[in-house]
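For this one, chain Y is given, so just place chain U on it according to the hints.
One letter stands for each residue in the lines below.
There are 2 protein chains.
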Amino acid sequence: MKIAVDAMGGDYAPKEVVEGIELARDAYADVEFQLFGQTDQIKKYLKNDDRIQIVQADEVIEMGDEPVKAVRTKKQSSIVLAATAVKEGTADAFFSAGNTGAILAAGLFIVGRIKGIDRPGLTTTLPVIGVKNQDKFVMIDVGANADTKVLNIYQYALMGKYYAQNVNQVENPRIGLLNNGTEADKGDMNHRKVHDLLAADKDINFVGNVESRELLNGAADVVVTDGFTGNAVLKSIEGTALSMLSLIKTTIMDSGTKAKFGALMLKDAFHKIGGSMDYSQYGGAVLLGVKAPVVKTHGSSKADTVKNTIGQIRQIIASNMIPDLNQYVVDHNDELQQIKDSIKSSK
Amino acid sequence: MKIAVDAMGGDYAPKEVVEGIELARDAYADVEFQLFGQTDQIKKYLKNDDRIQIVQADEVIEMGDEPVKAVRTKKQSSIVLAATAVKEGTADAFFSAGNTGAILAAGLFIVGRIKGIDRPGLTTTLPVIGVKNQDKFVMIDVGANADTKVLNIYQYALMGKYYAQNVNQVENPRIGLLNNGTEADKGDMNHRKVHDLLAADKDINFVGNVESRELLNGAADVVVTDGFTGNAVLKSIEGTALSMLSLIKTTIMDSGTKAKFGALMLKDAFHKIGGSMDYSQYGGAVLLGVKAPVVKTHGSSKADTVKNTIGQIRQIIASNMIPDLNQYVVDHNDELQQIKDSIKSSK
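In the order they appear, the protein sequences are chains Y and U. Heads up: the first sequence begins at 0 in numbering that gives the first Met the number 0, then just goes up one per residue. Heads up: the second sequence begins at 0 in numbering that gives the first Met the number 0, then just goes up one per residue.
Chain Y with its partners taken away, still in its complex shape (with noise of 0.2 Å):
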């Protein structure tokens, strides 16, 4: 398989990227890798150029540029060349650092959804703590949809049944709608729409709405949510985490010595602790419902998160994920316009 990587995206590019590119080709004998970018900046920090390929791209889309403008007017940017060359086939799958937005727009508008799915959602990987037979769960949309509909919602529990079933290998994953209470009717109408349809729906195993106090607590295998409220409350979870984890250092710090004695021999716990609240562990967030693997991670992304990343999209492209998602969509095509007809109906 062939990956094409945007060598330009990320806080730290291009040389994290390169470096996690070659940690990658290192770990996965079965990968190639076309490196799309400013060839002389790539060459700085490639060791060696196994199974790794250059592709010049002359322009670069910055954080700051207006995404769906950026990826429309920088034809020879290193995201749109990498995008299209997943859509014209010569790699399968996408990955990139940079700017969410423009790699949202590319996977989006250049390597196109799945006949059948409106709208793509973007999954994010989170950890269970303190559960037995659960270390992780998968939620969607986190954000590529601020405005999201009755459909859009139903749709992503299909494509998080498919990513927790091949990718994060979970038997029939329990699907749960993030709601604001337990019960079936919370929630706007929209909610309990939602919640109608994926009780009906005899091929997802719905576990009803769960709240977000409980997701860390493993709630369900799969959490579908409009993405925004899926990015307020992911953004939430890294928030809480990162200041508790300042917390505990300002206050040993302010503590005493023999707190600062204690916290010495602490210090492999902690670490285990930063370790088990890093998500980026399970790589980055995936655009579900287009056609190929389109992996975004986080413009802060080192070297070895890059590496986890492609292990991600590995597994992504030898689960066939995206090709039984599509059979499915194609074989419930008319169960999907039935949906979709009762939504436009019940208005």
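Bear in mind the hints are in silico, worked out from the structure with no lab data behind them. The beta-carbon is built from N, C-alpha and C at its ideal position, and this holds for glycine as well. There's no promise every hint is true.
[Stated by the list, open to error] Examples of chain Y residues lying across from chain U (beta carbon under 7 Å, computed):
1) Asn179
2) Thr181
3) Ala183
4) Ala231
5) Met243
6) Thr250
7) Met252
Then chain U, alone, in the frame of chain Y:
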């Protein structure tokens, strides 16, 4: 001042409620109490009835009762009778640790809205970590309304401003709109409308869009959002903080003698950390936009939280917050009407 207390609400009622009220009575010489509930049960725990009057309530609204229906039908319940005492002016505020929906319904339908405020919003005060000159912020709405309009969020900013000013004593509080990015054009159309309304309002110290990742870092003194997102964010912060604390505990327990010994030395530090994240220290959730303080604490509240919450209610009354807010709405009736019209016409 006199506070009407639902003595039967909460997991540990009436015991912890009664004990908390006695603590508050002893702490605040200027506060009197009316305890609504089953007289015989209350008397079991009441040591000294100085400034505490018991009012018999034959019915109890259970946690599982359908809120609006319960408030309409259980006329002799402690919640309805306590709220009615406030409506009739025999008490100045209403406190309960019971059924949240029923408390909100009693506030809305019995105590009543401030004229000019279209929808009351539920407010919670949360901690800010590791920032000089800011130890907390206010979020509104955290769940009174699952279906929120532009006008409501705009009015939350006004209410939140008065709460931060009068109760948290923040001068010229910074108001932020919770959004999925800091740029002015983030979010859906409604968020852009709210953003522009707040930016144009000379009486609001608007700091723009804030992301949930930055809330505990003190992004604003008042964070306004729709009740659905606010509820999800609040519960994400709670859940993540709890998961982190349990993660620390289990990691240490699995880390052998050295770590356990280190943890012993850190006991005080950990205690302090738990305290910093425990926002019950700031009291309960306040329904803003009604004619008198209507305050709700966690169903799991113990006596000390009940006491803290009474201190908070005392501050709301003493600070004149509600009359001040009311006066502002009266004085700016024309501007507020213009804003309503502008929202309607922009549809």
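Now for the hints, and whether the structure bears them out:
Satisfaction of the interface hint for asparagine 179 (chain Y) is found here, the shortest Cβ-Cβ separation to chain U being roughly 4 Å, below the 7 Å cut-off. With a least beta-carbon distance of about 12 Å to chain U, the hint placing threonine 181 (chain Y) at the interface is violated under the 7 Å criterion. With 7 Å as the threshold, the beta carbon of alanine 183 (chain Y) stays out of range of chain U, its nearest partner Cβ sitting at about 13 Å, so the hint is violated. The closest approach between the C-beta of alanine 231 (chain Y) and any C-beta of chain U is roughly 5 Å, which is under the 7 Å cut-off, so the hint is satisfied.
The beta carbon of methionine 243 (chain Y) is positioned within 7 Å of a beta carbon in chain U (closest approach about 4 Å), and the interface hint is therefore held. The interface hint given for threonine 250 (chain Y) holds, since its Cβ lies 5 Å from the closest Cβ of chain U, which is under the 7 Å cut-off. Here the hint on methionine 252 (chain Y) is broken, as its CB sits about 9 Å from the closest CB of chain U, past 7 Å.
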